[in-house]
Amino acid sequence: MKHLLSRWLAIVASALMALAAWYSGAAPGYALVLFVLLVGLVMVVDPPGANERGPTIVNPQPAMPADPLPSIRASIEALDIPVLVMGAGADLLAQNAAAERAFGDLGEGQHVSARWRSPGILDMIRETIETGTPNQIEHSERLPSERVYIVRVAPVETDGRPLFLLSFRDISELRRLDRMRSDFVANASHELRTPLASLRGFIETMQGPAKDDAKAKERFLAIMLDQANRMSRLVDDLLSLSRLELKAHLPPDQMVDLKPVLGHVRDSLAPLAADLGVEIRLDLPEEKIEVMGERDELVEVFENLIENACKYGQDGKVVDVVVRREPGVGTEVRVRDRGPGIPAEHVPRLTERFYRVNVEDSRSKKGTGLGLAIVKHILTRHRARLLVKSELGVGSEFTVRF
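Reading the sequence shown from the start, the letters are residues -20 to -1, 1 to 382 in mature numbering (1 follows the signal peptide of the UniProt record, and there is no 0).
Just so you know, the hints here were simulated from the structure itself, not pulled from any lab data.
All figures in this text were calculated on a predicted structure; none of them were measured in a lab.
One should not assume that every hint holds.
[Unchecked claim] Simulated pairs of lysine to any residue, SDA-like, Cα-Cα distance not exceeding 25 Å:
id, residue 1, residue 2
1, K369, P307
2, K227, H362
3, K268, L366
4, K356, F164
5, K268, K297
6, K227, E332
7, K369, V301
8, K239, R381
9, K356, L264
10, K268, V279
11, K191, N209
12, K297, R261
13, K191, L179
14, K356, P231
[Stated by the list, open to error] Computed spacing ranges between beta-carbons, pair by pair:
id, residue 1, residue 2, range
15, A208, A77, 57 to 63 Å
16, D263, A190, 48 to 54 Å
17, A54, L367, 42 to 48 Å
18, V298, K227, 34 to 40 Å
19, L157, V337, 21 to 27 Å
20, P265, R180, 49 to 55 Å
21, V337, E80, 37 to 43 Å
The C-beta atom is built at its ideal place from N, Cα and C for all residues, glycine as well.
The task is simple: from the sequences and hints, build the whole structure.
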């Protein structure tokens, strides 16, 4: 406002000077030219908008680029995989919460070799720092537990400061599933190969040396039938597992009363229990005990558990099946035998496919090694749990908790 007023005063002064020249006898044209020249001079010296543009800066210094580390630190905190930021010297500058949970507080400023001494990781980082090309390798750690990571290092584009991201993607579960799949195929092949070899051997014997031996043929045919039944049970269990895996993500949507289910299972296993000299005793409440489930699959669960209790707890002569519904706990079905019990080191692996505490004992009792794996898959679909307690010389208790 002050500059605008001074500019108008200068213009008025120019007009007065031109009028004074005219009154003093100058020609009107000369006075007009004088006025225009004075106004032009004012506009050049103090042009309009000069104050709005502010003062002119001569030779401005270039602005320093902002430090990119704080923004990168904020970004990596949003990631759920371990990520670390390194400088050009492979020194650790920042880590996110996932990295701290996985590897602990690594301490800023340390060289990456203070935590990872793997030549593969160090060579990969060195190559990326030198060439600016992203790299990745697979890295395994044994302690404190076995983990497998895809380790990747890549440069970050910044305005001058070279930074590198080191990330760890945990693929331990994928590797475990791969091993399980390989073990499953190998075990299934082995389980089928044994009875097939037995069948082929007896057939060749009956075609050759025992061709005319009626007693040998009768004995061999009984063994061959037993081996064929074993293969049939194995194939049936494998098909059951495949069906369960296909619908594992679909929870059942019907209510099932457990009392008639357990009564049906006891009646169907009564001949087996009688042959083994075992009594199956049910302890059921008076009221209905309903759970969300699929009847046929629950029958398969309790057939497996009660049949195992009869076979492997045969020495105890009694198998108790108890049903209880407790507030805050849910519905429980306990299958308890008074057999020899299971060593503690075997209990965590009982539901693995083809896992057996005693291979010969299992095969002699016509087990396929898949029964408890099927139970686990069915209960997982039913959002239920299988709890196992066992004591040597006392017996075992398998609890299904809905």
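Hints and how they fare:
no., hint, result
1, K369 x P307, "22 Å, holds"
2, K227 x H362, "11 Å, holds"
3, K268 x L366, "22 Å, holds"
4, K356 x F164, "16 Å, holds"
5, K268 x K297, "29 Å, violated"
6, K227 x E332, "19 Å, holds"
7, K369 x V301, "15 Å, holds"
8, K239 x R381, "15 Å, holds"
9, K356 x L264, "23 Å, holds"
10, K268 x V279, "17 Å, holds"
11, K191 x N209, "24 Å, holds"
12, K297 x R261, "11 Å, holds"
13, K191 x L179, "15 Å, holds"
14, K356 x P231, "14 Å, holds"
15, A208 x A77: 57 to 63 Å, "59 Å, holds"
16, D263 x A190: 48 to 54 Å, "53 Å, holds"
17, A54 x L367: 42 to 48 Å, "45 Å, holds"
18, V298 x K227: 34 to 40 Å, "36 Å, holds"
19, L157 x V337: 21 to 27 Å, "24 Å, holds"
20, P265 x R180: 49 to 55 Å, "53 Å, holds"
21, V337 x E80: 37 to 43 Å, "41 Å, holds"
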